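A.B. asks: Next come the chains, spelled out residue by residue.
There are 2 protein chains.
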Amino acid sequence: MASLVEAEQLDARDPLASRRELFVGSDDPHVTAYLDGNSLGRPLRASAARLASFASDAWGSRLIRGWDEEWFDLPLTLGDRIGTVTLGAAAGQVAVGDSTTVLLYKLIRAAVDARPGRTEIVVDTDNFPTDRYLVEGIAAERGLELRWIESDTRGGVSPAELEAVVGTKTALVLLSHVAYRSGFLADVPALTAIAHDSGALVLWDVCHSVASVPIELDDWGVDIAVGCTYKYLNGGPGSPAFVYVRRELQDQLSQPIQGWMGHAAPFDMGPGYSPAPGMRRFLSGTPSIVGMQALRDMVDLIAEVGMAAIRAKSETLTRFAVEAVDDWPASWAVELATPREAERRGSHVTIEHPAFKQITAELWRRGVIPDFRAPHGMRLGLSPLSTSHVELWNGLEAVREQLVRL
Amino acid sequence: MASLVEAEQLDARDPLASRRELFVGSDDPHVTAYLDGNSLGRPLRASAARLASFASDAWGSRLIRGWDEEWFDLPLTLGDRIGTVTLGAAAGQVAVGDSTTVLLYKLIRAAVDARPGRTEIVVDTDNFPTDRYLVEGIAAERGLELRWIESDTRGGVSPAELEAVVGTKTALVLLSHVAYRSGFLADVPALTAIAHDSGALVLWDVCHSVASVPIELDDWGVDIAVGCTYKYLNGGPGSPAFVYVRRELQDQLSQPIQGWMGHAAPFDMGPGYSPAPGMRRFLSGTPSIVGMQALRDMVDLIAEVGMAAIRAKSETLTRFAVEAVDDWPASWAVELATPREAERRGSHVTIEHPAFKQITAELWRRGVIPDFRAPHGMRLGLSPLSTSHVELWNGLEAVREQLVRL
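These protein sequences, in sequence, are chains A and B. Mapping the first sequence onto the numbering used here, position 3 (from 1) lands on 3, and the numbers just tick up by one. Mapping the second sequence onto the numbering used here, position 202 (from 1) lands on 202, and the numbers just tick up by one.
If you are wondering where the hints come from, they were derived from the structure by calculation, not from laboratory data. One or more hints might be untrue.
Given that identical chains are not distinguished, each listed pair holds provided it fits within a single copy or across any two copies.
[Stated by the list, open to error] Derived pair list, reagent style SDA-like, types lysine to any residue, alpha-carbon separation capped at 25 Å:
#1 K169 to E141
#2 K169 to A276
#3 K357 to A264
Given the structure is predicted, the values throughout are model-derived calculations rather than measurements.
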């Protein structure tokens, strides 16, 4: 049986346990359990300090000179840092900027244009909404067709399912590495190879995996990836997303939002758009420098502890959550909507029950904060560096208490 | 003759003079004159404090609940506030989010699609680079033609010039309210009426005017406007842009980047994109909440002092700059590249000389900070609330000293 004692023992053995105190609010008596770091990571204390000094020092004293001194290159230097530390990406293949949605739009457009004559985009029905809405619009504007994989909402896309739909018409395969709902961890190398065998490009949405699951984009032969920095990279609400484009592919891709920051010579301000070589061409407007500040600290922390340790802790946390839920009476009919094997899931666990919408609202008022995904899912997001096993236990106990009252 | 004494007298009579101390760095001994607030406004001290507390309080303690409590609506509530205080826009017509470039892309696409059968976009050759690069790309992807107005780089687009190119083929007219190079202040009501007479929509780029020049979008009958918040709205490097869409037009426009934040029911996460009614449909991905913090303080300050007082100070500053430059020996051949009449320009003054590239670099090292625009332009940006006449005088003296040495 999962228990508080077991949670305490797991924390005592956790080599990352002491890192939790680095986060703002880890000692907040009003938040018993924060189980939504997969939607919005907690701020590091270092980031709170960095944001304060950013305004008074970098912005306030360097003023416009900051662009020459650091900010103009920050989308690429910070991109390289994210790439090296979390994506298995050699330098020169990652840029930070725009929202996930906008970066996905630009890269999906670029990818389908790079496969002229191919008329289909493959996507799954349980991909994140923004991914689905985007390809709908792009298919309509580019005269393409969508091939939907009807994916299991408690699992994800298997190699066999992808095999069944890709072919000579496929321009692009768009999939998520970790499913936002089920937490299913896709087999990126296998699925990428299948897409490539058909001659298609593949774009991985790594929003729900990056910085919680080890990623090796270079080794896996991925073409393009887009990911989010406000979840496990703790960049703050609405912090900018990043895009990875395999080096050999970069100069073959043209994205449609031709802005000055993607120009080969932005400060000439001359006539005619000419895309910069390399990753800069995927930028458009002025990047959100303020929004890039907080995540720098998280990347530093991840570099220090390493992705292997983070993944190990993530597995311990999700395993403990599943074990605790398994102990609840079968008569409650709470169902696990996440793969049962730790190696087949990311860092969140989803459980389902018809009362979870109302229970989540009540829990939030009590400082126990999972999130709710329609129609019946409660997601327990277990951000490895900021979540303890005791915190998770306390959160699960609060859920259990609500279920008891039904 | 312009003089330090005159500058001191102007400051003594300036009803806004005391506001300058509200800005970080106004007492910085290393920055003699900051004359680039039109590229990047100084931070308010209140914003430095707000950014610090944002991480520890709102983000760190409300965590994901912040989205329900405030952030989900912030693009619209802050948009309304910008609209009321600086744009002459009634509530429900302004949204904040994305970069200027991305918002321009979305709205240009939406606008040309709303005028089917019309095949031309009118734009001027001295519009800001991003505007020009964008329409190039959009024209190519939508099979449209660009009609270029060859605008005077020391002036801007006149009603007669626009009359000459608009017609039954014109889908959209894209112009800047204040020209980024010359500072020319366009006659928005007259130009808008000309565009409308031809049946075209008009999109005003107000990046270089908003919060320094009074704007009355509702009264002027403007269809769409996009503007920047890191110049005279002091939002910090890369803070998000805003978009205004006239109420009656909103539900006729569909923008192409269909993301979850623009969906009618974003948290249903259901199949199929259905745009939200009103301004929310112009959002795409998760908006930069961190990036919206600083500009809130500036909007509050502008509301307190009023746009009329800001414009009055702006005119005094630009008039003093022109007067001082006029006093320089004619043999130096420094040329004014901005309209001579204060009512025909915004809040920056551009002067030209072949040595200004090297002089600007030297001035930056000395803490005198104008900016340089190729090929020979030095822009003196005079942000009304954070710039004093003495500061401007000191900056001009530093320029003069460099010119003397040539």
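A.B. asks: What label fits K357 with A264 when the C-alpha limit is 25 Å: within, between, both, or neither?
C.D. replies: between (50 Å within a copy, 20 Å between copies)
A.B. asks: Given a CA cutoff of 25 Å, do K169 and A276 count as a within-copy pair, a between-copy pair, both, or neither?
C.D. replies: So K169 and A276 fail the 25 Å test inside a copy (30 Å) and across (33 Å) alike.
A.B. asks: Pop the pair K169 and E141 into one bin, within, between, both or neither, using alpha-carbon distances up to 25 Å.
C.D. replies: both (18 Å within a copy, 22 Å between copies)
When held up to the earlier numbered hints, the structure conflicts with hint 2 and nothing else.
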